[in-house]
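Enquirer: As you go down the protein sequences, you meet chains R and Z in turn. Per the working numbering: the first sequence = residues 1 to 396. Per the working numbering: the second sequence = residues 1 to 126.
By construction, these hints were calculated from the structure, which means they are not laboratory data.
Each computed BS3-like pair below joins lysine-lysine, with the alpha-carbon atoms no more than 27 angstroms apart:
(1) Lys112/Z <-> Lys50/R
(2) Lys19/Z <-> Lys234/R
(3) Lys51/Z <-> Lys95/R
(4) Lys50/R <-> Lys106/Z
(5) Lys52/R <-> Lys55/Z
(6) Lys7/Z <-> Lys51/Z
(7) Lys95/R <-> Lys163/R
(8) Lys179/R <-> Lys234/R
(9) Lys323/R <-> Lys52/R
(10) Lys57/Z <-> Lys50/R
(11) Lys247/R <-> Lys47/Z
(12) Lys33/Z <-> Lys50/R
(13) Lys52/R <-> Lys57/Z
(14) Lys163/R <-> Lys50/R
(15) Lys95/R <-> Lys164/R
(16) Lys112/Z <-> Lys60/Z
(17) Lys33/Z <-> Lys323/R
(18) Lys55/Z <-> Lys323/R
(19) Lys247/R <-> Lys194/R
(20) Lys247/R <-> Lys50/Z
(21) Lys50/Z <-> Lys95/R
(22) Lys52/R <-> Lys60/Z
(23) Lys194/R <-> Lys180/R
(24) Lys52/R <-> Lys112/Z
(25) Lys33/Z <-> Lys52/R
(26) Lys47/Z <-> Lys234/R
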Amino acid sequence: MIKNPVKKDMLINVGPQHPSTHGVLRLVMTLEGEIIRDTEPVIGYLHRGKEKLAESRTYTRYSPMVDRVDYLSAFFYQGAYCYAVEQLAGLSVPKRAEYIRLITMEFNRIASHLLWLGSFLLDLGATSPLFYVFREREEIINLLEQLTGQRMMYNFYTFGGVKKDFPEGWIAKALELCKKMPALFDEYEAIITKNPIFLERTKGIGIMSPELAIDYAITGANIRASGVELDLRKTGPYSVYEELDFKVCVADSGDSYDRYMVRIAEMRESTRLIERAIELLPGGIPEKLRVKRVNCGCDKQDCRYCGFDTRLAGKKVNPVVFKPPAGEATAMVEAPRGMVMCYIVSDGSTNPYRVKWRTPSFSSVQVLPELVKDKNYSDLMPIFGSLDVVLPEVDR
Amino acid sequence: MQVIEIKPENLIETAAPLKNEFNLLISVSGVDKLEYYELVYHFYSTKTHKKLILKTKLSKTNPEIESLSGLYSAANWHERETYDMFGINFLNHPDMRRILLPCDWKGHPLRKNYVNNDERLCWNER
Chain R
1 MIKNPVKKDM
11 LINVGPQHPS
21 THGVLRLVMT
31 LEGEIIRDTE
41 PVIGYLHRGK
51 EKLAESRTYT
61 RYSPMVDRVD
71 YLSAFFYQGA
81 YCYAVEQLAG
91 LSVPKRAEYI
101 RLITMEFNRI
111 ASHLLWLGSF
121 LLDLGATSPL
131 FYVFREREEI
141 INLLEQLTGQ
151 RMMYNFYTFG
161 GVKKDFPEGW
171 IAKALELCKK
181 MPALFDEYEA
191 IITKNPIFLE
201 RTKGIGIMSP
211 ELAIDYAITG
221 ANIRASGVEL
231 DLRKTGPYSV
241 YEELDFKVCV
251 ADSGDSYDRY
261 MVRIAEMRES
271 TRLIERAIEL
281 LPGGIPEKLR
291 VKRVNCGCDK
301 QDCRYCGFDT
311 RLAGKKVNPV
321 VFKPPAGEAT
331 AMVEAPRGMV
341 MCYIVSDGST
351 NPYRVKWRTP
361 SFSSVQVLPE
371 LVKDKNYSDL
381 MPIFGSLDVV
391 LPEVDR
Chain Z
1 MQVIEIKPEN
11 LIETAAPLKN
21 EFNLLISVSG
31 VDKLEYYELV
41 YHFYSTKTHK
51 KLILKTKLSK
61 TNPEIESLSG
71 LYSAANWHER
81 ETYDMFGINF
91 LNHPDMRRIL
101 LPCDWKGHPL
111 RKNYVNNDER
121 LCWNER
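Required output: the full structure, derived from the provided sequences and hints.
Expert: Written out as structure tokens, the structure reads:
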């Protein structure tokens with residue numbers, strides 16, 4: 001590790017329990033004076049074996065666990081999982097349910113970016129933005145709590161739809177919040193964007209070139225800040241994103257400051273998306289929100305699960321008999337931190353044969369040694385914070 | 001989504017020309033198919049926005065394959081994870097160690113025949 005003991009290189013451990021590592025990450029660093037010469041991230045402290053757990057659970061019983069992969073953007077993981085299972089089983093989702101998914105996902109994106117903003121500035125030593133962002137995040141979370149009954153781990157999507165329709169008055173509240181939000185973003189920008197201390201610590205720090213970002217398969221806001229227009233909402237549309245008009249927020253220099261600017265712009269874009277989606281929200285009775293007939297595969301009229309009577313009674317899908325046919329499916333979703341991929345292999349039984357999660361933070365941690373190499377130690381936190389890493393998602 | 005099935009020894013020859021178009025290596029995932037291990041590489045193109053899957057079969061007795069980390073830096077950690085979970089050995093990999101599990105862990109958990117019988121973990125028994 002220490003290459004040059006004569007020059008008195010120092011080996012230090014940052015973490016695992018370090019206040020600015022957003023979880024449990026250990027960085028073994030070789031410093032020469034204050035200059036970082038070598039970094040080796042050590043991960044796995046939060047490994048919960050999500051992929052192994054899927055083998056012993058049915059598709060429905062695994063779905064609440066999916067939320068726990070990333071606690072800040074639970075909807076996206078649920079979304080990726082549901083899209084993959086729907087692809088396997090050949091279910092199509094009703095329009096209104098897709099719109100509900102889109103609206104909740106975008107709210108979740110704003111909440112996630114807000115928390116990132118607070119913790120990033122806390123890393124830089126600014127305490128007050130944390131209180132500002134929690135004030136707004138609370139309103140979003142209250143809204144989602146009214147809808148789903150949960151504040152963070154929603155478990156709201158099901159195969160072929162969502163569990164509930166919007167409660168009464170929810171849409172009015174959501175619209176009101178969307179109207180309020182841009183003014184609040186202006187408020188953050190007033191204290192942050194032109195702040196000389198913030199500029200000094202982030203501008204030109206941690207520059208990620210587009211080649212480096214592509215080489216390490218960085219996705220999400222981090223690669224968009226480097227000038228690569230990669231947004232699955234636009235290029236590989238998965239929900240009803242192609243019906244909505246929005247722009248992909250791109251910056252070009254790829255430093256910490258640009259990553260901040262992209263995320264702020266994305267939050268503004270998300271509020272616009274929600275407003276537009278609420279306008280276009282197709283009507284429909286709550287019963288239409290979910291595909292009722294997830295059959296056992298026989299499709300006979302007298303079957304207990306696929307029969308005509310079952311359809312009329314509109315019984316809930318029995319989780320025990322939910323058996324997608326053998327095959328495999330890949331679903332990719334644009335989460336706040338980047339591209340989430342869920343790869344499911346099914347062998348035709350009630351349990352998934354293999355579930356693979358590709359999480360964006362995993363790549364973001366991998367690129368960290370390249371970004372901090374030969375930089376000052378004090379630049380570590382502005383760089384690492386701006387990558388928006390959530391460690392439970394890295395370790396799964 | 002396009003799927004290409006290749007033999008393990010042809011991996012580098014297939015992946016090198018593909019790199020011009022499919023420049024993002026999204027993930028490397030292993031699947032234990034009982035008779036053989038299947039390696040699945042997901043690629044994405046930032047130019048044409050296409051997705052591609054490369055699949056290859058590895059024998060159970062001696063699962064090893066050439067590493068892609070020379071072509072894609074992203075492969076480094078993904079292959080370490082696959083080694084950790086499946087015990088698939090990647091040749092010419094710069095740093096072939098466990099990544100998610102502790103370095104003294106016994107066995108490779110995502111193999112279907114994995115049994116957790118490490119006597120050091122006796123406190124897990126209830």
